[in-house]
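Chemist: Input sequences plus hints: build the corresponding full structure.
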Amino acid sequence: MKIKTALMGAVASLALAPMAFADAHEGERGRHGQLNIIYWQAPSILNPYLSGGTKDLESASMIVEPLARYNETGALVPYLAEEIPTVANGGVSEDLTSITWKLKSGLLWSDGSAVTSADVVFTAAYCMDPEGGCAQLSKFDGVENVEAIDDLTVKVTFDSAKPNPYGPFAGAQSPIIQAAQFADCMGAKAPECTDANFGPIGTGPFVVTDFRTNDVIQMAANENYRVEGQPAFATVTFKGGGDATAAGRAVMETGEFDYAWNMQLAPDVLASMAEGGVGTPISAFGTLVERLEMNLTNPSSDLPEGERSTVMHPHPFLSEFDVRHALSMAIDRELLVEVGYGQAGRPTCNLVPGPEIYASTDNTGCLTQDIEGAKALLEGAGWVDSNGDGIREKDGVELRILYQTSTNAVRQDFQALIKEWWGEIGVETELRNLDASVFFGGDPGSPDTFQKFYADVEMYANNFDGTDPQAYLSMYRCGNEPKPSSQWQGENINRFCDPAYDALIDELGATADIGARGDLMRRMNDMLTKNTMTIVPLVDRGRVSAKANTLGGVVLNTWDSELWNVAEWYRTGN
Amino acid sequence: MTDTNMTAAPRSQWWDVWDQFKTHKGAVMGLGFLIFITLFCMLGPVVWDVDPGKLNIRNKNLRPIINALWDADAKVAWANPMGTDNLGRDIMANIMQGGRISLAVGWTAMVLALLIGTTIGVLAGYFRRFDGLLMRFTDLVLALPLLPLLLVMMLLFRDPLRAAFGPEQGIFILIVTGIGITSWMQTARIVRGDVMALKEREFVLAARSIGTPARRMITRHLLPNVLSPIMVSATLGLATAIITESALSFLGLGFPSDFPTWGKILFDSVDRMTSFPERVIWPGLAISLTVLSVNYIGDGLRDALDPRIRGL
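If you read the protein sequences in the order shown, they are chains G and Z.
According to the working numbering, numbering within the first sequence proceeds without interruption in unit steps and concludes at 574.
According to the working numbering, numbering within the second sequence proceeds without interruption in unit steps and concludes at 886.
Calculated from the structure, these hints are not laboratory results.
It is possible that part of the hints are untrue.
[To be verified] Below, a sample of chain G positions facing chain Z; criterion: calculated Cβ distance under 10 Å:
#1 V269
#2 S272
#3 D302
#4 T405
#5 T407
#6 A409
#7 Q412
#8 A416
#9 E420
#10 S446
In this text, a Cβ means the ideal position worked out from N, Cα and C, and glycines have one as well.
Modeler: Next up, the structure:
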């Protein structure tokens with residue numbers, strides 16, 4: 001009986017499969033019933049302007065929407081806006097001081113009232129209220145005035161030229177809220193409007209039916225959603241709490257939930273969960289790059305305090321390009337990824353690995369390990385082992401490296417592997433690991449901070465906020481290095497200094513065209529990485545989430561909310 | 575009766591102690607294990623000539639050879655009888671190397687702490703005029719938190735010691751000193767208390783009345799009688815020192831990460847405890863059995879050294 005049922009089911013699903021596939025993308029709203037989402041950090045508020053927490057931003061992104069969102073490649077796509085304003089289409093003024101957004105016509109809030117430019121103007125006023133503590137105020141940085149031109153047009157004026165004017169009203173961090181609902185919640189009264197903060201009226205695919213703080217959100221499809229036939233799910237249960245392991249099990253082993261966020265788990269643990277067969281881990285890559293930083297200045301403890309690791313003394317051997325290049329060539333990045341990150345990492349040679357429009361594509365030379373090449377390179381540069389101790393030297397300087405990083409199991413594995421490879425090319429490495437709170441603490445009194453860099457090489461990960469790496473690349477300007485006169489604060493960790501690079505930074509600050517900006521950024525990225533090997537990128541660290549095998553339409557996005565396209569999700573096949 | 579005793583072969587007091595010690599089964603087993611683990615760590619690397627830091631990524635995650643007994647599919651190799659870790663390092667070689675460091679740190683720090691603790695305890699207990707000063711000093715050191723103190727020591731002395739003795743020796747000296755000078759206080763207090771009580775006993779009075787000088791009094795009458803509490807604190811001290819060292823390594827204040835100690839091997843293995851329990855079990859066994867055996871030896875020695883129990 002059982003086998004018969006199973007066989008019949010199989011036949012039926014085979015017959016229905018093509019139909020179901022066709023069905024899945026379109027159909028009436030709410031056709032696929034219930035969707036279960038688990039975030040192992042529970043949302044505590046649904047107003048993104050009052051919380052910086054990812055869990056709050058992402059849960060709210062199902063309900064309230066911005067004018068434009070970033071898609072999975074980091075490019076802007078219009079949501080409530082008709083199109084993305086640019087200089088070319090006249091939406092951004094020639095002098096880069098204003099941007100004009102046009103709303104789609106016929107937009108409705110979930111309560112049935114019309115969305116107008118007044119709501120957009122109100123949103124800006126709400127966040128920029130001097131008495132309120134808006135969590136997303138940085139998005140409105142430099143905004144001088146927001147005015148409604150007509151019912152559907154809004155003009156944002158900045159106090160100076162903004163090459164990247166998409167701060168306000170783009171991305172999950174600055175959605176449009178309804179003026180009518182929040183009118184009495186301005187400034188200091190913002191946190192008191194519990195009903196509005198826990199159940200905002202939005203334009204998104206779902207509306208809140210029940211919100212239990214730090215526990216669970218019940219949602220239903222928004223009947224006034226602008227796209228016919230979306231969302232495919234009638235109701236959503238958004239559960240919060242637990243831990244990454246439990247959430248992963250719930251999706252991939254037991255199938256109680258359809259989607260779990262941020263699986264920060266060891267690669268082998270994740271792989272064993274995926275064997276459950278009910279769900280799969282999915283990954284996407286942002287801008288977090290694990291890298292080696294080469295110290296271009298001399299960190300020797302023989303130098304007096306105040307002169308160690310400053311531009312007064314160049315490094316005895318790392319100031320030589322061939323040495324840095326050889327060190328990079330000796331590393332097998334594929335193996336590092338396999339050991340440390342699995343699906344959540346991929347080898348990279350780029351400092352700016354994304355978004356696609358800014359990432360350098362031809363910088364792939366470091367991806368293959370070349371021990372022999374590295375040896376030949378050192379040999380050619382005059383670094384030979386003349387006294388037979390296994391360490392190369394030149395003019396009495398031996399290639400001995402102090403390699404530091406923070407205390408972390410994966411990083412210590414990386415250290416062991418890299419030490420081994422460097423040993424093969426005749427470089428001796430001493431390892432040091434430091435408590436993360438000290439290493440990243442920035443205390444100018446401690447010799448162990450990553451800014452002070454009292455080591456030859458150090459390893460950590462860094463990324464940039466949002467999609468535009470301008471500020472990130474501008475860190476490597478001459479004089480921006482940590483030094484005693486700046487209390488060891490500064491972002492140019494390598495003490496890199498090249499007037500040609502500085503000229504590119506200035507040029508970037510005056511360029512608005514996306515294509516031209518991309519070219520400049522790629523050149524800057526290549527200057528720091530493959531042309532000088534000042535920064536030796538190792539692994540592009542991504543984000544891993546888990547989805548049920550029956551859930552379709554999921555596109556993991558690291559530039560915006562992970563739930564950015566939840567309206568397009570559907571149930572596949574059976 | 576008296577005659578036979580007089581003509582019997584002369585026996586030193588230490589033979590009596592040894593005879594008594596032998597009757598304590600746990601102590602003998604403990605001594606046996608301690609000798610075994612010491613030889614294993616000292617002479618092991620001579621026989622088992624594998625570099626503990628050598629990575630062999632193709633042979634990573636090997637299971638111990640005994641797993642093959644019940645699991646024919648287990649990934650094992652005779653070249654790695656205890657298996658390998660996630661980077662393919664041989665676990666047996668690491669346990670040996672780690673044992674050398676852990677035991678050396680444990681013993682040295684313990685001896686240092688005992689020396690300081692006993693000296694201060696005896697001085698404070700015997701000489702009334704030192705008592706207040708020394709005990710207040712003990713209280714002061716007790717109030718010092720170990721970790722911040724070590725942090726400061728690291729900042730001040732790491733680079734000079736590293737330059738003078740190399741990275742490993744320098745850190746060894748630093749850690750041993752750090753642990754030694756922060757763990758003598760309990761010993762000092764216990765010894766002081768016992769010395770104060772002993773000082774009022776009749777045999778001490780008798781010794782004093784025949785003019786025994788203070789240093790004889792201490793070495794001849796007081797120290798042998800406070801040996802048992804000292805032994806007990808010694809065993810506790812060894813355990814604490816091994817554990818403190820692993821805590822320090824974990825915080826990045828200890829040895830470099832490629833320098834194995836039992837505590838560090840244990841800490842590194844916790845993440846994969848469910849899939850590779852043996853990686854936790856080997857160093858865990860080594861630490862706990864060593865500590866246990868030292869405890870038993872201490873117990874046996876205490877009984878053996880106490881003339882009132884001896885011979886019962």
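Chemist: Now tell me if each hint is right for this structure.
Modeler: Structure-based check of each hint:
Among the interface hints, the one on G:V269 holds; its C-beta lies about 8 Å from the nearest C-beta in chain Z, closer than the 10 Å criterion. The closest approach between the C-beta of G:S272 and any C-beta of chain Z is roughly 8 Å, which is under the 10 Å cut-off, so the hint is satisfied. A cut of 10 Å between beta carbons decides the hint on G:D302: the least distance to chain Z is about 8 Å, and the hint holds. This hint holds: G:T405 has a C-beta 9 Å from the nearest C-beta of chain Z, less than the 10 Å allowed.
For G:T407, the shortest C-beta to C-beta distance to chain Z is roughly 4 Å, which falls under 10 Å, so the interface hint holds. The beta carbon of G:A409 is positioned within 10 Å of a beta carbon in chain Z (closest approach about 6 Å), and the interface hint is therefore held. Taken as an interface hint, G:Q412 checks out: its beta carbon lies about 4 Å from the nearest beta carbon of chain Z, inside 10 Å. Satisfaction of the interface hint for G:A416 is found here, the shortest Cβ-Cβ separation to chain Z being roughly 6 Å, below the 10 Å cut-off.
Look at G:E420: its Cβ gets to within about 5 Å of chain Z, closer than 10 Å, so that hint holds up. About 7 Å separates the beta-carbon of G:S446 from the nearest beta-carbon of chain Z, less than 10 Å, and the hint is met.
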